[in-house]
Amino acid sequence: MGRLLPLFVIAFLVYLWFRSRRGASAGTRSASPSALSEGAFALGFLPESAQNTERARRDAELDALSASVRAGEWEPAARAVAAAGRNWERRSEIVGEVAGVAAKDDAWLTAWETARPDDPDAAVVRAKSTVFLAWEVRGGARADSTSREQFEGFDRVLRRSRAEIERAKALNPEDPTPWITEVWAALGLGYSHEAMRELWAELTARAPHHYAAHYSALQYWCEKWRGSEALAWEFVEPAIAAAPPGTLLPALRLVLWYEHHDDDASEADYREAGLTSYVDAVLADIAMAPPTHLRLAEVRHLLAYFLVRQKRHAEALEQFRMVDGHVEALPWRRYTDPAAAYCAFRDTAVRKAR
Amino acid sequence: MGVFLRASRALLLLAGFYLLCLLVLGVFAGTALAVHHWAPGVAALKIDFILALLALPVVRASFFLRPPQDDGQDGLRVSKASQPELWAVVRQAAEAAGTRAPDEIRLTGAVNAAVSEDARMLGLTPGRRRLRLGVPLLAGLTRAQLMAVLGHEFGHYGNADTRLSAITWRGRLAVTRTVRAYHEQADRRVDKERTRQEKKAVKAVAKGRKAKAVDTSGAGFGHRRTAKVFVAYAKFYLRSSQSVARRQELAADRVSVRIAGRDAAASALRETAALDAAHAFYLRTYATAGLAAGLMPPRGQFYGGLARLLAEPGRQEELAGLRAEPPREETSPYDAHPPTAERIRLIEALPDDGRGDPASSGPAMALLREPERVLGELEDVTLTAESLAMRRVDWPELLHLGRRAECAAGAEPLREAVRQVLGGDATLRALLDAADGGALWRVADALPKSEEASRASGRAAREFLRPLLRSGLAELVILELVDAGLARWEMSWSDGARLDLSDDYGDRLNEALEAAVADTPDTRPLRLLLPRALHPATF
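Chains as they are written, first to last, in UniProt numbering: chain A, 1 to 354; chain X, 1 to 539.
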């Protein structure tokens with residue numbers, strides 16, 4: 001028995017390695033990784049190490065903002081949020097970027113608040129940073145490996161965020177951003193379905209087809225948070241039906257499907273007619289979306305994933321070409337190594353599309 | 001498989017257990033002989049000594065069926081002459097169950113009743129019979145319910161089941177006890193029955209397993225190995241005889257119903273389950289509340305206070321809730337008892353026997369003559385010397401001083417952090433001054449942290465520390481108030497111990513604490529709530 005032990009350990013390690021590769025290696029059995037990468041490089045794709053895991057697309061302005069707030073300067077952030085004006089998609093993106101930094105160190109934000117008390121832009125960043133902070137305290141692990149102390153801190157900080165959210169709403173009643181922030185508080189604190197619907201009505205009155213808002217609310221309605229698959233569909237379908245073409249909202253169906261089925265889907269499940277029609281609907285919608293749509297890259301990432309799963313490699317390759325280099329998007333962000341997962345799927349598409 | 005076959009199999013397995021004992025002893029003896037043959041002298045004597053140490057628990061625990069914790073010395077022995085009423089009821093129950101009365105009654109402090117026997121000859125011939133009766137049962141049950149409990153216990157010894165099954169039952173008892181003798185090494189699951197009873201609070205005062213179990217730790221590795229063999233076999237045996245054991249429990253329940261009536265039997269089970277919870281709560285909240293301050297309740301009250309809690313009108317709703325919701329889960333895979341809820345269901349499904357309301361029989365405690373004296377003597381034999389040496393104070397004083405001591409202990413980590421970072425005598429004032437000087441979060445960083453908290457950085461790290469800082473600070477403030485005579489823990493049987501701060505003061509204190517542990521601390525509101533600000537003339 002004692003002599004067999006190392007064998008068991010090795011077998012177990014091999015099993016773990018296999019498991020970690022399972023998702024990423026869809027269809028990569030036949031060729032060696034280096035050969036794949038060569039093909040990918042020939043097409044101008046970047047190696048794994050050159051993939052940016054911070055965002056879903058290139059954005060020089062956000063990079064600069066992030067660097068300046070890290071350096072303790074608040075003025076560029078204040079100017080950028082103000083410049084976004086009523087472009088709510090852009091506003092929530094900038095707020096999210098700088099609030100993420102403030103969740104770790106908020107000295108620059110405090111300076112902003114001191115310099116301009118009652119600045120609605122600072123208020124909305126403050127609220128968002130506190131919600132981020134709550135998630136930081138909770139940690140990203142599943143509920144069963146999250147400690148009681150972490151849960152209590154999560155709850156306490158989220159409760160504190162509510163006052164800040166209300167303050168941001170009061171300072172700029174037209175702004176949907178604090179309402180979107182509240183969706184995450186609702187998800188964490190477990191708002192009742194009724195309270196969530198009221199919140200949603202207020203939010204959509206301000207920004208009816210905001211992609212990030214819909215993505216957030218869909219998380220709330222998912223089974224793993226506060227809803228169920230049926231409730232998630234009840235949320236998604238009317239939202240898509242009400243949206244004009246080019247808003248990217250049809251991609252919500254793919255998010256929904258991913259959240260409820262991806263973990264234990266078989267190869268056939270991905271090719272089933274319903275899912276194929278959802279993918280086609282997204283393809284049709286991106287064709288009508290303005291190329292400047294801020295969430296386009298994010299949607300292309302998700303689309304590319306499903307296209308590979310459906311063995312539509314040429315179509316997938318088209319999407320990969322347009323997003324290569326930045327991989328902070330569903331589904332890659334759910335993997336422990338997002339860049340590796342992305343590259344594995346991308347290289348599958350490269351090889352099979354030929 | 002019929003009962004007979006099942007019981008025979010269990011008997012065979014039991015025989016196997018003793019065979020294993022013999023085998024182990026034989027190996028030891030053989031080794032000793034061999035050693036003497038090959039290496040006589042001092043070394044051989046040493047080995048003899050080690051082997052004897054290893055063999056001792058086998059001999060004591062299993063072969064003679066006299067495991068050390070069953071030496072009959074636990075609990076308070078009550079004589080027929082001193083407690084004739086209690087003895088009469090016990091005899092009546094045994095007689096009705098068709099078995100002989102015990103030779104000895106011992107009162108204990110646990111929510112439990114058990115009949116045991118010093119059986120000889122591998123448990124096949126009867127020996128001295130002993131009833132252990134927990135006084136919490138006397139405090140919580142009526143006479144009829146006590147009869148039901150006794151009926152169940154004697155039911156195991158009665159003729160209600162086949163003779164072979166009875167041997168199985170005794171076998172299980174013997175095996176379980178043997179396993180318990182190896183408690184330190186044994187798998188916790190086997191021992192759940194025992195550990196469950198030894199709730200944390202009781203462990204602190206009652207003479208726990210330390211005094212009773214064999215100290216095997218000195219014997220080291222070899223000893224643990226030996227223990228493992230027995231424990232493994234015991235588990236196997238317990239599992240194999242499970243179905244027989246279950247039937248016997250249900251049969252014993254039927255004896256209980258026959259003797260005490262359906263309603264008394266069912267309500268006794270509900271009441272015992274409720275008592276289990278109530279007693280644990282009582283120990284935690286009342287009886288051991290003064291330990292932190294080195295205090296004990298008045299003599300006799302350590303066990304006597306439970307009755308006052310049970311009689312309190314303000315607790316009736318909770319107690320009714322406990323009775324209505326008996327535990328549904330199995331307590332352990334080796335426990336012979338089906339879940340209490342299941343046993344109650346089976347009993348309550350029986351037709352009404354018209355024996356009526358068990359409450360009319362009066363409290364079981366009335367069976368005890370001079371209860372105060374008896375409960376005092378029970379303390380002498382069940383509590384540790386340390387706790388018996390503690391000062392005795394009345395309940396209100398006990399809870400107040402106990403809570404004060406707990407409060408001081410709770411504030412100690414923060415005090416220690418202050419000492420570490422600031423030096424000096426770590427007073428509340430020193431901490432508040434440091435907060436004003438911008439050193440609060442440096443102090444907080446010296447608090448003991450969880451793994452997650454020490455991994456966190458930036459604002460998240462602060463969020464982990466904030467509740468620790470806040471509660472430590474609150475405790476320091478409360479200590480100041482209490483020591484200045486401005487606050488006190490008020491004790492009641494309905495509500496434990498409650499700090500008598502006004503609602504208004506409590507709200508202001510919460511806000512002030514919040515402000516004091518904010519990212520930018522503001523200690524002014526808190527300073528306004530301290531004794532010196534409240535009564536400038538006095539302090």
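These are calculated hints, taken from the structure and not from any lab test. We put the CB at the ideal spot given by N, CA and C, even for glycine. Do not rely on the hints blindly, as some may be mistaken.
[Claimed, not checked] These stretches of chain A come out as covered by chain X in the derived footprint (C-beta under 8 Å, 3 or more residues):
| hint | stretch |
| --- | --- |
| 1 | 98-109 |
| 2 | 125-138 |
| 3 | 298-306 |
[Unchecked claim] Pair by pair, the computed Cβ-Cβ distance ranges are:
| hint | chain 1 | residue 1 | chain 2 | residue 2 | range |
| --- | --- | --- | --- | --- | --- |
| 4 | X | G321 | A | T146 | 46 to 54 Å |
| 5 | X | G485 | A | T114 | 40 to 48 Å |
| 6 | X | G16 | A | S145 | 37 to 45 Å |
| 7 | X | A518 | A | R333 | 47 to 55 Å |
| 8 | A | S145 | X | E325 | 24 to 32 Å |
| 9 | X | G485 | A | D144 | 47 to 55 Å |
| 10 | A | R159 | X | E85 | 13 to 21 Å |
| 11 | X | V27 | A | A265 | 57 to 65 Å |
| 12 | X | L23 | A | A268 | 56 to 64 Å |
So, against the hints stated earlier in the document, which numbers end up violated here?
Violated hints (numbers, rising): 3, 4, 7 and 10; every other hint is consistent with the structure.
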